[in-house]
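Trainee: As a plain string of letters, each chain reads:
There are 4 protein chains.
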Amino acid sequence: MFQTHAWNNGYESAVSQITEIGREFYSRGWVLGTSGNFSAVLHREPLWLAITSTGSDKGHLLPQQILEIDETASVFRGEGRPSAETSLHFAIVRERTAGAVLHTHSVWSTVLSEQRASEGGISVEGYEMLKGLDGVSSHQHREWLPIVENSQDIEELARQISNTLKENPKVHGFLLRAHGLYTWGATIAEAKRHVEILEFLMETLVRTGSVAGPGRAGL
Amino acid sequence: MFQTHAWNNGYESAVSQITEIGREFYSRGWVLGTSGNFSAVLHREPLWLAITSTGSDKGHLLPQQILEIDETASVFRGEGRPSAETSLHFAIVRERTAGAVLHTHSVWSTVLSEQRASEGGISVEGYEMLKGLDGVSSHQHREWLPIVENSQDIEELARQISNTLKENPKVHGFLLRAHGLYTWGATIAEAKRHVEILEFLMETLVRTGSVAGPGRAGL
Amino acid sequence: MFQTHAWNNGYESAVSQITEIGREFYSRGWVLGTSGNFSAVLHREPLWLAITSTGSDKGHLLPQQILEIDETASVFRGEGRPSAETSLHFAIVRERTAGAVLHTHSVWSTVLSEQRASEGGISVEGYEMLKGLDGVSSHQHREWLPIVENSQDIEELARQISNTLKENPKVHGFLLRAHGLYTWGATIAEAKRHVEILEFLMETLVRTGSVAGPGRAGL
Amino acid sequence: MFQTHAWNNGYESAVSQITEIGREFYSRGWVLGTSGNFSAVLHREPLWLAITSTGSDKGHLLPQQILEIDETASVFRGEGRPSAETSLHFAIVRERTAGAVLHTHSVWSTVLSEQRASEGGISVEGYEMLKGLDGVSSHQHREWLPIVENSQDIEELARQISNTLKENPKVHGFLLRAHGLYTWGATIAEAKRHVEILEFLMETLVRTGSVAGPGRAGL
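Chains as they are written, first to last, in the numbering used here: chain A, 52 to 270; chain B, 52 to 270; chain C, 52 to 270; chain D, 52 to 270.
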C-alpha cells in the first residue's frame, strides 16, 4: 500500500497514500480537530508539492483537499488554500532533500514539548525503536529531538526551522512547543515510519515519567 | 463526508452525519453506555431540530433514533422520545445561534470536571490546538471552559446554562460536573471539530497532571 | 443491531449479538487472550442458555463457539465445552432473573479490584453515567460494586456469588479479584450497556487516582 | 480465523494468519514503525519457517513479505531478506519445539523492561489472566518473565536466549530490554493468545505502578 521506492509516483499515488495515512493517524488521535498537515514532493526542480489544504479533516480527506502547488504556493490542482504551515514544509524539503513531510499533533508530543521546553529539546537513547530511523543501526544511538518555540509568524518560524536543521544536521524530526511533531523521509512510507517511531518514543518517555532514556539511567 | 457549508442540508444529511459522528465518538469511548446526545438545526424560525432519542446507543444509531422535533419538543419524525437533555440543546441553539450541538461524556472530561469543580471552570492557554476553535487565531488565546454543577432538574439546568452563556459570551463549550462536555458550531462539522479539540485539550491537561496551561508555567 | 425488546429472539439472534459484542469488547482490550465469557437466556423454564465455549477467541467468535445448553450444562448445539465459568452464569440468571450475563476482563477492573480488595468492594457516587444502570434515576445514586475473592473452585465460587447477590439485592455487577467484571441485564443490549457504564466508571476511578466518588469529596 | 489445530496448515495458512495478526497488533500500537516480527514453522525436520521480511510494515503485510526459509535462512519464497532477528526465532523454535514465534514491541513492554532491568526479570502472580498461558491451571501460578539485555550482535543474543530458555524451562516468554516481548506457542493461535495475555499483564503492572503481583501484596 505504501510505496517504498525512492521516489513518489506522482499526484495520484501521493493522494492515495496521504489519505490512508490521515485515516490511520486520525484513528490514533494524532490529527484531531483538523490539526496536522502532510506533503509529498511531486517534482524536485522546479519544486512541486502535494499538500493538504488548510482546515481539512485529516481523518476524512477528499482528493480535492490534497493540493498540487508550486514553490510559490500557487495551487494548480485541488480546492482551497494550502496548509497555513506550507512554508515549514518547503523549509524542510529544501534543508533535507526530503520526499515527504508529515506533521502530527498528538497528546504525547504536546505534553512532552511543554515539559521539556526549557531544555530546548529531548535526548533519547538506548531504545531499539531508534533503529527504525533512517541511518541508525544501533539502539545505543543518541537522538536529539529539538523543541522550537511556537509562533504565528510562519515565515519567521520557517527561518528558525531552517537554522535548527542546519545546526542539527542529523536530527530526524523536531517538536514545535505545545504544537506537535514534524518529521520527514525520502518517501511517504519512510516519513510515516518516522512518525510512528517518534510518537512511540514520546509516549514511552511520558509514561516512564522521565525523559532520561534507558542509557542514561545513572545520570 | 462532513458538510462544511454554513447551513445543514436537512434531515437526511443530519441523520447521515450524526450517525457517523456517533460511530467515531463511540470508538473513542466518548459516548459509552448510551451516554451523549447530538442535535442539528433543521430550520431556524420556527426552530426545528434533529436530535438523538433518549437511551439510544450512539455507536449504532438507527435512522429512526434521530428525531425531528419542533420547539415544543413534539416529535414529527422518528421513534421514541427526544433526549432527556433536549432543553439544554434548545438553550444553546438560542444563545449561540448554533447549527449543531454535541454532548460527549468522556473519561477525561469526567475526571477533569471533578478535579477542578471548586474553581468553577478551567483556563486553557498556549496550545496550538486552540486555533481550531471558531474565531481563535493564535495559540496565545486564553479559553475559559466553565464547569456547571450537574442537576436532574433539566429546566433549571437549562436556565443556568443560558445564564452561563450570557455571562461568558466567548466560550466555545462548557462542562457539566462529572457528566461531560457540551460544545456547538455553525455546522455539524464545526461542532465535531470543537469536540475533538476540547477533548484533546482535556486529555492533555489530565495527562500533564496540571491544569495550568503552558502559558501559565510561572504561576 | 442490538435487540432492545424485553426478551431475546432465540439462538440465531443471540449468536449475532454476542458475536458483535465480542468484536467490540475485543477491540477495546476487554476480552484479550480468550478471556471473558458471555451468555443469553434462550428459555426460562426449563432454563436454556446460549453461552460461549471455553477457550474461544472472543474477538473472532464462530457461530459454533456459541453453545446452546440446558441447566445441566449439556450441549445441544455448537462445538466444544461451555465456558469454565458456566455455573456463575447460572447463579446470576437465577438470582436476578437476568436475560443475559456478560463477563469482561479489562486492565481497569484488574487494577481496581486489586487496589480495593481489602475493602470488599467499591462505592461509586455522583457520576451522571450511573443513570445508565437499570432503575437508577439520579447521579446522586450510590452504587456498591462488591469484590469477591477469586477461586478455581467454580461451584464454591457460584455459591458465594449467589450469597453476595442475595445480600446486595440492588447491585448491578460485581468484580472477581484480579479477574474482572460480571454484569447482566434483562436483554443482551442492557447487559452490554451495563458493561460499558461500569468499565467507564472503573477507568475513571483509576485515572482519578482515588476511588472516592465526586459526592464523597469531603470524606 | 485462527487455526487451533496442533499443526499449521502450510505456507498459505501461515501467510493469512500472520497478516491478520499484524493488522490487529498494529491497530493496538504493538508493532509500530516496522517493529516486531513473526514466524511459523512450516516443516520440522528439516526446519522450514514462514517469517516476516526485515523492514516490512506489520500492519500492512503483503504476501511476498512473508518469506519461506530453510534453517540456513535461505529464502525460497517471497521477496527481501528475512527479519534481522531470524536467529532468535530459530533459537526459540529449537528450545521449545514451538510452532510459531511472535515478537511485539509495545510501549508497555518497553517501559517495564527498563524499570525492572536490574532485577533480571519480572515475577507475576495472582492474576486470572495467567490461566490463558499453556499449562497454567490456576491464578496462583507464579510466572517468571526474564529480561535479557538488548544487543546488536544477534548470534550472541541467540545464544543467550537459548541459555535463558534452558535455565528457565517453564517460562512462556521473555523481554529484550527496551526492545519488547518474545513469546511462542504450539500454533499461531496459541502464540497470539500468549502475546495478548503477556501484553495485558504488562499494561496492568505499569498502570498499577508496582510490579509486585497481587499475591505478593505483603512483600
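Treat the hints with care, as some may be off.
A pair holds if it fits inside one copy or across any two, identical chains being indistinguishable in the list.
Stated by the list, open to error - Below, in silico cross-link-like pairs of lysine to any residue (SDA-like), each with a Cα-Cα straight-line distance of 20 angstroms or less:
#	residue 1	residue 2
1	LYS182	SER64
2	LYS182	SER104
3	LYS221	VAL126
4	LYS221	GLY260
5	LYS217	PRO97
6	LYS182	SER202
7	LYS182	GLU96
8	LYS182	ALA209
9	LYS221	GLY80
10	LYS221	HIS192
11	LYS182	GLU200
12	LYS182	TYR77
13	LYS182	GLU207
14	LYS182	GLN203
It is worth saying that the hints were derived from the structure and are not from the lab.
Trainee: Take the hints in turn and mark each one as holding or not.
Mentor: Do the hints match the structure? See the list:
1. LYS182 with SER64: So LYS182 and SER64 fail the 20 angstroms test inside a copy (27 angstroms) and across (31 angstroms) alike.
2. LYS182 with SER104: between (33 angstroms within a copy, 16 angstroms between copies)
3. LYS221 with VAL126: neither (32 angstroms within a copy, 35 angstroms between copies)
4. LYS221 with GLY260: Classified as neither; 26 angstroms inside a copy, 33 angstroms across copies.
5. LYS217 with PRO97: neither (22 angstroms within a copy, 54 angstroms between copies)
6. LYS182 with SER202: between (32 angstroms within a copy, 12 angstroms between copies)
7. LYS182 with GLU96: neither (32 angstroms within a copy, 34 angstroms between copies)
8. LYS182 with ALA209: between (28 angstroms within a copy, 19 angstroms between copies)
9. LYS221 with GLY80: So LYS221 and GLY80 fail the 20 angstroms test inside a copy (28 angstroms) and across (27 angstroms) alike.
10. LYS221 with HIS192: So LYS221 and HIS192 pass the 20 angstroms test inside one copy only (11 angstroms; across, 34 angstroms).
11. LYS182 with GLU200: For LYS182 and GLU200, the Cα distance is within 20 angstroms only across copies (16 angstroms; inside one copy 28 angstroms).
12. LYS182 with TYR77: Between copies only: 18 angstroms across, 25 angstroms inside.
13. LYS182 with GLU207: between (33 angstroms within a copy, 19 angstroms between copies)
14. LYS182 with GLN203: Between copies only: 10 angstroms across, 34 angstroms inside.
The structure does not agree with the numbered hints 1, 3, 4, 5, 7 and 9 stated previously, though it agrees with the rest.
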